[in-house]
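Enquirer: Full structure from sequences and hints, please.
Chains V and Y, in that order, give the protein sequences.
Mind the numbering: the first sequence is residues 254 to 403 in the numbering used here, read in order.
Mind the numbering: the second sequence is residues 306 to 804 in the numbering used here, read in order.
The reader is advised that the hints may include incorrect statements.
FRET-style restraints, in silico, Cβ to Cβ [unchecked claim]: (1) ALA316/V to LEU685/Y: 43 to 53 Å; (2) VAL500/Y to ARG320/V: 52 to 62 Å; (3) SER349/V to THR444/Y: 32 to 42 Å; (4) ALA350/V to LEU777/Y: 40 to 50 Å.
Computed far set for chain V versus chain Y, every beta-carbon distance over 10 Å [as the list claims (entries may be wrong)]: (5) VAL373; (6) ARG399; (7) TRP402.
For the record, the hints were derived by calculation from the structure and aren't laboratory data.
All C-beta atoms, glycine included, are put in the ideal place defined by N, C-alpha and C.
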Amino acid sequence: MLFGKNRAARGEMLAAVAVIALGSVIAWIGSGYHMGSASRMGPGYFPVMLGIGLMVVGLGLVAEAWRSASVAQAFPWRAVCALAGGIMAFALLVRSAGLVPAIFALVLIATLGESPWKPVAALVIAAAMSVIAVALFIYGLRVPLRPFWW
Amino acid sequence: MIDNITLGLQTAVTPEALLFCAIGVTVGTFVGVLPGVGALAAISLALPMTFYLDPGLALIMLAGIFYGTQYGGSTASILLNLPGSPSSAVAALDGNPMAKQGRAGVALFATTIASFVGSSLAILVVIAFAPLIADLALTFSSVEYFSVMLLALVAASALSSGSALKGLAMVLAGLAIGLTGVDVNSGQERFTFGVMELYDGFSLVAVAMGLFGISEILSNMARPQGQVLLGARDLSWRSMLPSRAEWISSIAPVGRGSVLGTLVGIMPGTGPTIATFMSYALEKRVARQPERFGHGAIEGLTGPEAANNASVQAAFIPTLSLGIPGDAVMAVMLGVMMIHGISPGPTFVTGQPEMFWGLIMSFWIGNLLLLVLNIPLIGLWVRILTIPYSILYPAILVFICIGVFSVNNSVADIFMVLGFGMLGYLMRLFGYPPAPLLLGFILGPLMEEHFRRALLLARGDFMVFVERPVSLAFLLIALGLVLVSVRALLGSPGRIQGN
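Expert: Here is the structure:
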């Protein structure tokens with residue numbers, strides 16, 4: 254996968270290979286299910302067909318990647334980790350600690366992806382969103398969530 | 306026919322009916338605009354409230370919510386590249402570039418008008434042809450359904466502005482992801498890896514919000530900070546109206562979109578998502594300058610929007626006259642009717658004409674209300690863009706997280722949103738389009754079902770797909786699209802694949 258061209262073309266190639274890999278995984282798992290025959294299809298039939306299709310398309314993508322010239326981009330690690338962390342925090346807190354703490358956690362952690370981090374702005378947004386969310390979702394749409402843990 | 310219209314108007318113009326219609330469309334628009342909460346969530350949440358209502362009123366309100374969200378969903382798509390529902394994803398393709406060029410008001414106005422025209426046409430068709438339509442829809446078997454779905458998917462992959470091969474890969478991947486869960490026919494768990502939360506497959510809202518919403522936020526965060534998405538624009542009436550040239554160039558797409566949407570919506574088993582994608586593909590195909598698509602071509606917005614709303618109205622026909630829901634939302638409507646003791650089907654149209662025609666008439670009134678409601682509010686929606694993005698995206702995040710949770714009351718769905726968000730972002734980086742994946746995801750189980758049934762009835766003979774004329778027609782069109790894309794592919798070696 255080491256092409257002289259540039260990092261992005263390698264990335265394209267990697268993605269194309271990933272498609273082939275995905276196709277083969279799907280086909281393999283699918284073949285583990287009962288296949289049946291054309292007139293009486295089992296659960297594995299369609300997945301295997303899809304997997305094979307993906308592998309074929311993947312080959313075409315490899316050919317495309319071979320001839321492509323892409324622009325490389327830096328991967329935004331900070332933003333990705335902050336966002337992921339915030340959403341996970343929300344998911345873990347929303348039932349146990351309540352909607353408001355979850356919102357605060359989400360906003361405070363996710364905005365860490367910005368440089369510089371502005372905690373005051375984040376707190377204000379979190380507070381405003383908490384009010385709106387509680388009014389709209391808990392009282393308005395009656396989603397079964399508690400605002401706080403009591 | 307006139308009798309039916311009068312009968313319907315009598316039912317639809319009562320104060321209670323008007324009130325619930327107004328409530329429905331307002332709630333629907335609002336919910337549609339909110340990213341993270343779509344028609345499905347809104348209708349599911351409104352469902353318990355309808356238990357105490359008269360069934361006719363309940364249906365009027367829920368229907369109002371449904372087509373209301375189609376109006377609102379395109380708003381979020383255009384302004385924020387965040388579709389309110391899967392069928393609105395197409396609006397983002399040309400609508401969002403238009404917004405980024407400072408023509409958000411124009412885009413929203415055009416969408417509203419196109420939506421209204423699409424709905425009106427579909428309603429007229431319903432009024433004129435309801436009995437005939439029911440007969441036509443009955444002749445479709447699984448063979449035709451499979452072929453039309455295949456066509457829709459090929460169209461979706463061919464229309465992606467990047468490489469058609471990438472679009473095709475995404476379609477196939479989406480189909481496979483859609484198969485996750487317990488297979489209804491055999492009880493076999495597929496691709497669940499023993500995870501209990503995946504027994505019903507991935508949540509549609511989680512997939513849609515993750516692929517589009519979260520990945521959009523990520524890609525915006527990766528840009529330099531402190532950016533306002535759009536400057537404050539002059540929001541007078543003048544700036545909202547499309548230019549004369551745009552009006553003229555939109556007439557044909559709206560016409561085509563309305564007709565296409567009506568036809569697609571009538572068929573049981575197809576929904577607004579298919580109609581919208583097909584309309585986009587059609588417009589791109591007949592346009593004189595297809596390169597403009599994806600960069601703010603108004604035809605790419607007005608055609609699909611008309612198709613969108615037309616199919617939503619037309620989708621009620623098979624649901625009400627055959628009892629076969631076109632998609633998840635229709636299924637919920639069906640459930641509501643059955644809870645109230647109404648069994649939709651051919652007997653519903655003839656046996657309870659007041660309710661049927663009352664409902665149809667209320668659609669039209671609802672669309673009028675939406676037109677009146679939305680145009681003044683366009684200024685409001687556009688003003689949302691003047692809020693700095695650093696304030697906007699946390700709010701959107703909160704809406705997405707809560708919205709996704711609320712569909713199934715499931716924390717696992719929130720993790721799903723994150724997962725698909727990451728996937729969506731990686732896809733963006735490498736130029737793989739998310740919309741075909743979403744379409745494949747929605748159609749996966751349906752396609753398999755029709756494929757299986759078609760072959761079962763044909764006793765394993767694959768030729769059945771080309772032997773039946775309607776199916777053959779669909780397949781030939783699909784083949785045509787494939788050939789056009791392949792020719793484009795081979796004709797330009799070393800294309801620049803930037804982001």
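Enquirer: Taking the hints in turn, state whether each one holds.
Expert: Each hint, compared with the structure:
Hint check: ALA316/V to LEU685/Y, Cβ distance near 49 Å, so the stated range 43 to 53 Å holds. The supplied range of 52 to 62 Å is broken by VAL500/Y and ARG320/V, whose beta-carbon atoms lie about 40 Å from each other. A beta carbon spacing of about 55 Å between SER349/V and THR444/Y contradicts the range 32 to 42 Å that was offered as a hint. In this structure the supplied range 40 to 50 Å is violated for ALA350/V paired with LEU777/Y, their Cβ-Cβ distance being about 59 Å.
No Cβ of chain Y approaches the Cβ of VAL373/V within 10 Å, the least distance being about 12 Å, so the stated non-interface status holds. Residue placement check: ARG399/V keeps its beta carbon more than 10 Å from all beta carbons of chain Y (closest about 13 Å). At roughly 15 Å from the closest C-beta of chain Y, the C-beta of TRP402/V stays outside 10 Å, upholding its exclusion from the interface.
The structure does not agree with the numbered hints 2, 3, 4 stated previously, though it agrees with the rest.
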